[in-house]
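S.K.: Next come the chains, spelled out residue by residue.
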Amino acid sequence: MYERAEEVRAKDGRAPDVFREGKWVPMRCYPDDEEVDFAIVGTGAGGGTLACKLAEAGFSVVAFDAGPFWRPLEDFASDESSQGDLYWTDERISGGDDPVQLGSNNSGRGVGGSTVHYAMVALRFRPEWFQCRSELGYGRDWPVTYDEMEPYYDEAEHALKISGPVRYPWGRRRKRYPYRPHQLNASGLVLARGAEKLGIKWAPVPLATLSAPRGMAHPCVYRGFCIYGCSTNAKQSVLVTFIPRALKAGAEIRDLSMVDRVEIGKNGRATGLHYHREGAWRRQKARHVVVAGYSIETPRLLLNSACPEFPDGLANDNGIVGKHLMIHSGPGVWGRMEEEIRSYKAPPSLALTEHWNYDDNAKDFHGGYAFMSQGPLPNAWAETLAGRGLWGMALRQEMTAFNFMAGLRIVGETEPRPVNRVELADEKDDLGIPIPRVTFSLSENDKKLMEHSLGSMRAVLEAGGAQDLWDDKDSSHLLGTCRMGDDPADSVVNRDGRSWSIPNLWICDGSLFPTSGGVNPSLTIQANALRIGDRIKEMAGRGEL
Amino acid sequence: MSEFQTPYPSYDVLDKWDSPSWNDQTRETVARRLDEVPKREFLTAKQWSLLEAISARLMPQPDREEPVPIVPWIDDRLNKDRRPGYRYAGMPPMREAWARGLNAIAAECTDRFGKPFEELSSEEQDTYLTDLQNGEVSDRFWGDMPVQCFFSELLLKDVLEIYYSHPVAWSEIGFGGPASPRGYVRTGFDERDPWEAEPADV
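Residue numbers (my numbering), protein chains in the order written: chain A, 1 to 545; chain B, 1 to 202.
Heads up, some of the hints might be wrong.
[To be verified] Within a straight-line C-alpha distance of at most 25 Å, the following computed SDA-like cross-link-like pairs (lysine to any residue) qualify: (1) K39/B with N379/A; (2) K16/B with K248/A; (3) K248/A with L431/A; (4) K248/A with S81/A; (5) K46/B with E339/A; (6) K473/A with P418/A; (7) K473/A with K537/A; (8) K16/B with E21/A; (9) K157/B with F404/A; (10) K39/B with S81/A; (11) K39/B with V68/B; (12) K197/A with F189/B; (13) K248/A with R14/A; (14) K80/B with L431/A; (15) K537/A with W281/A; (16) K157/B with G389/A; (17) K157/B with A380/A; (18) K115/B with P62/B; (19) K23/A with E96/B; (20) K157/B with E96/B; (21) K23/A with E28/B; (22) K80/B with N379/A; (23) K157/B with P93/B; (24) K11/A with F404/A; (25) K197/A with E191/B; (26) K39/B with P72/B; (27) K23/A with P181/B; (28) K80/B with S81/A; (29) K157/B with T271/A; (30) K428/A with K248/A; (31) K428/A with R95/B.
In short, the hints are calculated from the structure, not lab data.
Just chain A, same shape as in the assembly (with noise of 0.2 Å):
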């Protein structure tokens, strides 16, 4: 139902303009054999914000992304069908006890990567979950503590304008958020409410969309088209935060270029990248390079990156590269509302609870969840009532209720597990390079914190008005494969994203994380971005690099 527009658009030195339709902006370019500072592989929210953060340092930087580079003014339309450009859709085979549904629900494909069709939803993580085993038992401890993460948090948050509430009322007490909170829409006042009757507390959840002009950027209109490209720029994405500031430090951005093999010299040490671009094959030398691909492409790149000096693949002598792939669960409850809903205006999740995060008593099982007021457009719509065994005129005539319903869904923990995992299949995809196979089963701490979650979502449905329940399944967002720790046994990577056995590689997205936590990660992937580029940079000041 829509065309690719396969084009590559950032060469000979101009990038798209993502504010003006049709424009462009200057931007350096190196050659493939001219060794850059750094060679970065994706550019969302953790290549994107990090090729920022180091070319504002002084770096020369090159961030590869195997999408294209979209004008948003331009080349979204209101539609939601036409936008699945947006999406990574080659190949991957998903299997175990509850396999991960991939393509559109956790993956995008093109600069800016995933933050073009998020949510927006911009939350912080607990201060202990990031020492969730010393402090909560169980789980494992980050190699950063919530206070070395806060002062970037601040700034991922200042970076992307967030709108939220005067007091957000889970967490430590924090600045103000830099935009005021959005209104709510019909969908959130139905969570507003329920919480409210149960003495449970709520807010409007943080978003990374304006609620107020931006430079260029109107206030978000609440067209609602919000999972699918933004065509107004009031949201807050990589491409039209960090790119832009990239490109006007000398970053190089190189859409259409995907990676198939980091390059390894004979000193064991990181040379460059081997990609492929406009129809051929080509090299770009690196001093370091930077892999930032999300918990699938991460994994597959370092794995296919095998070589003589590293032939389980790279950053992989203890084995665990693609190991402890985490999602968020997500089941969802459904009801009908006496009132007009109309979900389908403004961002979908404005209203959420993080009760469940931070309360943990009553609790059958470790971790937590938030959940958050919903908005599915119709084909969303459509297929969650597929879910619940409707087809036929049944489901089309159920469909003429889109506008009464009202839906609660979580953002749920789930445990590392090293079944869980990234490995490479022997089929190949059109560029030669094999698919990846994802693995995902639920542990019993996972089905215990879903079925409890149910519990809570229904009190608050109910409570907020709503008839009829009926709950379903989903998930969302991808983490883990490439943990970070303090223990090269167990870890990939350092504290500061830097691979154990080779020196000059680099991990830098939400494969990093060793824990899920019960929060959208968006934020946390950038703040943490954010906290390696000043680590690489005071590294360099000190000739540690």
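Keeping the supplied structure of chain A fixed, place chain B upon it in accordance with the hints.
M.R.: Frame of chain A; chain B shown alone:
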């Protein structure tokens, strides 16, 4: 249930075509969908007519002289090999899965009912589709293909996605449709902007 009733009989999302709710790129996208229905390229004529009969049960449109075209867009997707970005373990690649699935339905119906799916009564067709949905089919025709996965992840999912991408489907459920550059102002309980669908009994 064979009758269909919409609460929004007088609402047509296309009335907003020239309004600020639609921008140029959206008009182009939807115009292509309405005006450039693709011709058969990938499916065989037999598979095509079988799929027409199946989609008429998965998404019945007895109220329309010209139903929303569904099969041409499935064929187009197969022709261009536009995949969703994953397949579940045990499923063959998309094109092969469609071909195997459709051929299995054709063979099994002929075996079970003595005539092809297209010639069955609506009730018989629905009974067979329910069996597909529940995985109650014979290995003789399906081999190792996960039939429930074929039904829900390919057959039903694609039919629904194509149907609910058509403006008449948006209109019948009262969806606001395209909304850029103009979005919405009134977002609370029972609040409606003047350019949104009004139910008939209001």
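S.K.: Hey, K157/B versus E96/B, does the alpha-carbon distance stay inside 25 Å?
M.R.: Holds, because 17 Å separates the two Cα atoms, which is no more than 25 Å.
S.K.: Is K23/A within 25 Å of E28/B, Cα to Cα?
M.R.: This hinted pair holds, its Cα atoms lying about 21 Å apart.
S.K.: Next pair to validate is K248/A with S81/A; report whether the Cα-Cα distance is within 25 Å.
M.R.: Answer violated: K248/A to S81/A is near 34 Å, above 25 Å.
S.K.: Does the structure keep K23/A and E96/B at a Cα separation of 25 Å or less?
M.R.: At roughly 43 Å apart (the allowed maximum being 25 Å), E96/B and K23/A break the hint.
S.K.: Is the Cα-Cα distance between K428/A and K248/A 25 Å or less?
M.R.: violated, 38 Å
S.K.: Quickly compare the C-alpha distance for K197/A and E191/B to 25 Å and report which way the hint goes.
M.R.: holds, 23 Å
S.K.: Is it true that the CA of K39/B sits at most 25 Å from the CA of S81/A?
M.R.: Between K39/B and S81/A the Cα gap is close to 20 Å, so the pair holds against 25 Å.
S.K.: Please work out if K80/B and L431/A have their alpha carbons no farther apart than 25 Å.
M.R.: holds, 17 Å
S.K.: Has the given pair, K473/A with P418/A, been kept, meaning a C-alpha gap of at most 25 Å?
M.R.: Distance of about 23 Å is within 25 Å: holds.
S.K.: Compare the distance between the alpha carbons of K39/B and V68/B with 25 Å, and conclude whether the hinted pair is satisfied.
M.R.: holds, 15 Å
S.K.: Would you check the hint for K248/A and R14/A, treating anything up to 25 Å between C-alpha atoms as holding?
M.R.: It holds: about 11 Å lies between the C-alpha atoms, which stays within 25 Å.
S.K.: Under the criterion that the straight-line Cα-Cα distance not exceed 25 Å, is the pair K197/A, F189/B satisfied?
M.R.: Distance of about 17 Å is within 25 Å: holds.
The structure does not agree with the numbered hints 2, 3, 4, 5, 7, 15, 19, 24, 29 and 30 stated previously, though it agrees with the rest.
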